[in-house]
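Visitor: Residues per chain are reported as follows:
Number of protein chains: 2
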Amino acid sequence: MAEFSAHTVKSFDEDIAQLRAVITRMGGLCESQISDAVDALVNRNVEAAAVIVENDKRLDALEAEAEALAVRIIALRAPMADDLREIVAALKIAGVMERIGDYAKNIAKRASVVAQAQPIAPAVIIPEMARAVVGIIRDTLDAFVDRDAAKASAILQRDQQVDEFYNSLFRSLLTFMMENPHYITPSTHLLFVAKNLERIGDHATSVAEMVYFTATGQRPAERPKNDFTSTIYAPQ
Amino acid sequence: MAEFSAHTVKSFDEDIAQLRAVITRMGGLCESQISDAVDALVNRNVEAAAVIVENDKRLDALEAEAEALAVRIIALRAPMADDLREIVAALKIAGVMERIGDYAKNIAKRASVVAQAQPIAPAVIIPEMARAVVGIIRDTLDAFVDRDAAKASAILQRDQQVDEFYNSLFRSLLTFMMENPHYITPSTHLLFVAKNLERIGDHATSVAEMVYFTATGQRPAERPKNDFTSTIYAPQ
Numbered sequence: 001m002a003e004f005s006a007h008t009v010k011s012f013d014e015d016i017a018q019l020r021a022v023i024t025r026m027g028g029l030c031e032s033q034i035s036d037a038v039d040a041l042v043n044r045n046v047e048a049a050a051v052i053v054e055n056d057k058r059l060d061a062l063e064a065e066a067e068a069l070a071v072r073i074i075a076l077r078a079p080m081a082d083d084l085r086e087i088v089a090a091l092k093i094a095g096v097m098e099r100i101g102d103y104a105k106n107i108a109k110r111a112s113v114v115a116q117a118q119p120i121a122p123a124v125i126i127p128e129m130a131r132a133v134v135g136i137i138r139d140t141l142d143a144f145v146d147r148d149a150a151k152a153s154a155i156l157q158r159d160q161q162v163d164e165f166y167n168s169l170f171r172s173l174l175t176f177m178m179e180n181p182h183y184i185t186p187s188t189h190l191l192f193v194a195k196n197l198e199r200i201g202d203h204a205t206s207v208a209e210m211v212y213f214t215a216t217g218q219r220p221a222e223r224p225k226n227d228f229t230s231t232i233y234a235p236q
Numbered sequence: 001m002a003e004f005s006a007h008t009v010k011s012f013d014e015d016i017a018q019l020r021a022v023i024t025r026m027g028g029l030c031e032s033q034i035s036d037a038v039d040a041l042v043n044r045n046v047e048a049a050a051v052i053v054e055n056d057k058r059l060d061a062l063e064a065e066a067e068a069l070a071v072r073i074i075a076l077r078a079p080m081a082d083d084l085r086e087i088v089a090a091l092k093i094a095g096v097m098e099r100i101g102d103y104a105k106n107i108a109k110r111a112s113v114v115a116q117a118q119p120i121a122p123a124v125i126i127p128e129m130a131r132a133v134v135g136i137i138r139d140t141l142d143a144f145v146d147r148d149a150a151k152a153s154a155i156l157q158r159d160q161q162v163d164e165f166y167n168s169l170f171r172s173l174l175t176f177m178m179e180n181p182h183y184i185t186p187s188t189h190l191l192f193v194a195k196n197l198e199r200i201g202d203h204a205t206s207v208a209e210m211v212y213f214t215a216t217g218q219r220p221a222e223r224p225k226n227d228f229t230s231t232i233y234a235p236q
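From first to last, the protein sequence lines are chains L and Z.
Throughout the first sequence, residue numbering follows the UniProt record's numbering, covering 1 to 236 in sequence.
Throughout the second sequence, residue numbering follows the UniProt record's numbering, covering 1 to 236 in sequence.
The following block holds chain L by itself, in its conformation from the complex (with noise of 0.2 Å):
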């Protein structure tokens, strides 16, 4: 009873306060879950990968958890305009942060197969766009933690230095494939984390033009994508 008096007082700002807490989670555990993901791929280490796989449930709860709250919120507040928005966009927040999620996990379910088959030199550029991507995502954060206009206004370009990599990276493979056919299995898998990595690129800045809105009441203008991939045809 004391808790649930102690409960119904709390103020809007302190349930914010406790949905935002939720998202801020995700994205740190988004931000090691990719991380770890390529680490694994890379060192070959299929029980760390086995790992990441199983760590995936813990998103998908804290997703559920940050729903419950926001209908709780809700509920109990009968929240005016610009609350309600800001609540819409945490659940939109929490949706993109699980499927950032599923995003590392489908790496990490590569990396046995990578494990079985020769390196390939392109892949050294795996670890750099993961830490791209991964610096998109603690960035967006700290600037959805500080509702920071300015700050998420400055990660909305680097998503194209994401692109680039992939580009790089898809032509790379696609070279490599017709070279030795052995390559071609991990090269395919390859290929299939790479675009996990442009896809997490361009969800994480996604919310950063969510923070923006939230922040601002105004859309950003339309990010310049730099993904040509779908277009590309591999020299002969």
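Hints listed in this document are in silico derivations from the structure and should not be mistaken for laboratory results.
Nothing here was measured: the structure is a model prediction, and the numbers come from that model.
Possibly wrong hints are sitting among the right ones.
[Said to hold, decoys possible] Chain L residues, not near chain Z, derived (Cβ > 12 Å throughout):
| id | residue |
| --- | --- |
| 1 | Asp13 |
| 2 | Thr24 |
| 3 | Leu29 |
| 4 | Val51 |
| 5 | Arg58 |
| 6 | Ala81 |
| 7 | Gly95 |
| 8 | Val124 |
| 9 | Ala132 |
| 10 | Gly135 |
| 11 | Ala150 |
| 12 | Gln160 |
| 13 | Gln161 |
| 14 | Asp202 |
| 15 | Ala215 |
[Said to hold, decoys possible] Output of the computed footprint for chain L on chain Z, the stretches with three or more beta carbons under 8 Å from beta carbons of chain L:
| id | region |
| --- | --- |
| 16 | 90–96 |
| 17 | 189–203 |
[Claimed, not checked] Distance windows between CB atoms, simulated:
| id | chain 1 | residue 1 | chain 2 | residue 2 | range |
| --- | --- | --- | --- | --- | --- |
| 18 | L | Ala121 | Z | Asp146 | 18 to 26 Å |
| 19 | L | Asn180 | Z | Ala81 | 58 to 66 Å |
| 20 | L | Ser168 | Z | His182 | 17 to 25 Å |
| 21 | Z | Asn180 | L | Val145 | 46 to 54 Å |
| 22 | L | Phe228 | Z | Arg138 | 30 to 38 Å |
| 23 | Z | Gly217 | L | Lys57 | 19 to 27 Å |
| 24 | Z | Arg171 | L | Asp13 | 40 to 48 Å |
| 25 | Z | Arg77 | L | Ala121 | 54 to 62 Å |
| 26 | L | Glu179 | Z | Arg72 | 41 to 49 Å |
| 27 | Z | Ser32 | L | Ser168 | 30 to 38 Å |
| 28 | Z | Asp60 | L | Ala17 | 49 to 57 Å |
Glycine is no exception: its CB is placed at the ideal position from the N, C-alpha and C atoms.
Place chain Z on chain L using the hints.
Guide: Just chain Z now, kept in the frame of chain L:
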């Protein structure tokens, strides 16, 4: 003014019906985008593919409309927990439909590269796979419109067929790439097309799970997944 007072006397049920109608439109548009994208790919119709890419903006606009409607309904009606959960579910479904649209757009974008290459035999599975996922979306929307838990539950197993198509296509395309380097580029793009269809099937099935949950308050049992492609190593 007349419009405003007409609006304010509308019932909560009418508001929800309007939100659900937006989602039904999104679902219908997803079905046609997927079918049209696969037709453009198979028929090497690059002009049709460009129209599909352009049409995706309508799905983005409908998602924004669903979000604005949901925020307005919550702000005006201060709905109780059950109704709120239905609105939150509708928001999530709109988000999933927007993502499904993105996958269809990505399929369309690959049409021009695939059109430059020699036809590949395993590509004949792609229209079959597309029909399977479009069927899942159509039946999921029927279950959503009728709030029919039994119908939603019947859909949950069907994603396994889609995963089986994907496994089979993944293996055949790897084999084709091994046999002839000329097949590497088109096969790679068809692998991504197949992956997009697999993701669409998975997302559409997650909507069926949400429909089931909204209708019954119970989460369905965890569905078995049949996508083993992340561990496939091609024979050499």
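Visitor: For each hint, tell me whether it holds in the structure or not.
Guide: Verification of the hints:
Non-interface call for aspartate 13(L) relative to chain Z: holds, since the shortest CB-CB distance, roughly 19 Å, exceeds 12 Å. Residue-level check passed: threonine 24(L) sits 21 Å from the nearest beta carbon of chain Z, beyond 12 Å. Every Cβ of chain Z is farther than 12 Å from the Cβ of leucine 29(L); the closest lies at roughly 20 Å, confirming the non-interface assignment. Interface exclusion of valine 51(L) from chain Z stands, the closest Cβ pair being 16 Å apart, more than 12 Å.
Every CB of chain Z is more than 12 Å from the CB of arginine 58(L) (nearest about 16 Å), matching its label as outside the interface. Look at alanine 81(L): its CB is around 5 Å from the nearest CB on chain Z, not clear of 12 Å, so calling it non-interface is violated. With a minimum CB-CB distance of about 6 Å to chain Z, glycine 95(L) fails to clear the 12 Å threshold, and the non-interface call is violated. At roughly 21 Å, the least C-beta separation between valine 124(L) and chain Z is larger than 12 Å, which holds for a residue marked as non-interface.
A cut-off of 12 Å between C-beta atoms confirms that alanine 132(L) is not in contact with chain Z; the least separation is 21 Å. Look at glycine 135(L): its CB is around 24 Å from the nearest CB on chain Z, clear of 12 Å, so calling it non-interface holds up. Separation of alanine 150(L) from chain Z is adequate, the least Cβ-Cβ distance of about 24 Å exceeding the 12 Å criterion. Residue-level check passed: glutamine 160(L) sits 18 Å from the nearest beta carbon of chain Z, beyond 12 Å.
Distance check for glutamine 161(L) against chain Z: the nearest CB is about 21 Å away, which clears 12 Å, and the non-interface claim stands. The claim that aspartate 202(L) lies off the interface is violated: its Cβ sits roughly 10 Å from the closest Cβ of chain Z, which falls inside the 12 Å cut-off. At roughly 17 Å from the closest C-beta of chain Z, the C-beta of alanine 215(L) stays outside 12 Å, upholding its exclusion from the interface. Counting residues of the region 90–96 of chain Z whose C-beta sits closer than 8 Å to any C-beta of chain L gives 3, which meets the bar of three, so the coverage hint holds.
Three residues within the 8 Å Cβ limit are the bar, and the region 189–203 of chain Z against chain L gives 4, so the coverage statement holds. For the hinted restraint 18 to 26 Å between alanine 121(L) and aspartate 146(Z), the CB-CB distance of approximately 55 Å leaves it violated. Distance hint check: the CB atoms of asparagine 180(L) and alanine 81(Z) are about 60 Å apart, consistent with the given range 58 to 66 Å. Separation of serine 168(L) from histidine 182(Z) is about 23 Å and conforms to the stated range, judged on CB atoms against 17 to 25 Å.
Judged by the Cβ atoms, the range 46 to 54 Å given for asparagine 180(Z) and valine 145(L) holds: they are separated by roughly 53 Å. For the pair phenylalanine 228(L) and arginine 138(Z), the supplied restraint of 30 to 38 Å holds, since their beta-carbon distance comes to about 33 Å. About 22 Å separates the C-beta atoms of glycine 217(Z) and lysine 57(L), a value consistent with the hinted range of 19 to 27 Å. In this structure the hint that arginine 171(Z) and aspartate 13(L) lie 40 to 48 Å apart at CB is violated, the actual value being about 55 Å.
The given range of 54 to 62 Å is respected by arginine 77(Z) and alanine 121(L), whose C-beta atoms sit roughly 60 Å from each other. Taken as a hint, the range 41 to 49 Å is violated for the pair glutamate 179(L) and arginine 72(Z), whose Cβ atoms sit roughly 58 Å apart. Range check, serine 32(Z) to serine 168(L): Cβ separation about 35 Å, and the 30 to 38 Å hint holds. A C-beta distance of roughly 31 Å is found between aspartate 60(Z) and alanine 17(L), which places it outside the suggested range of 49 to 57 Å.
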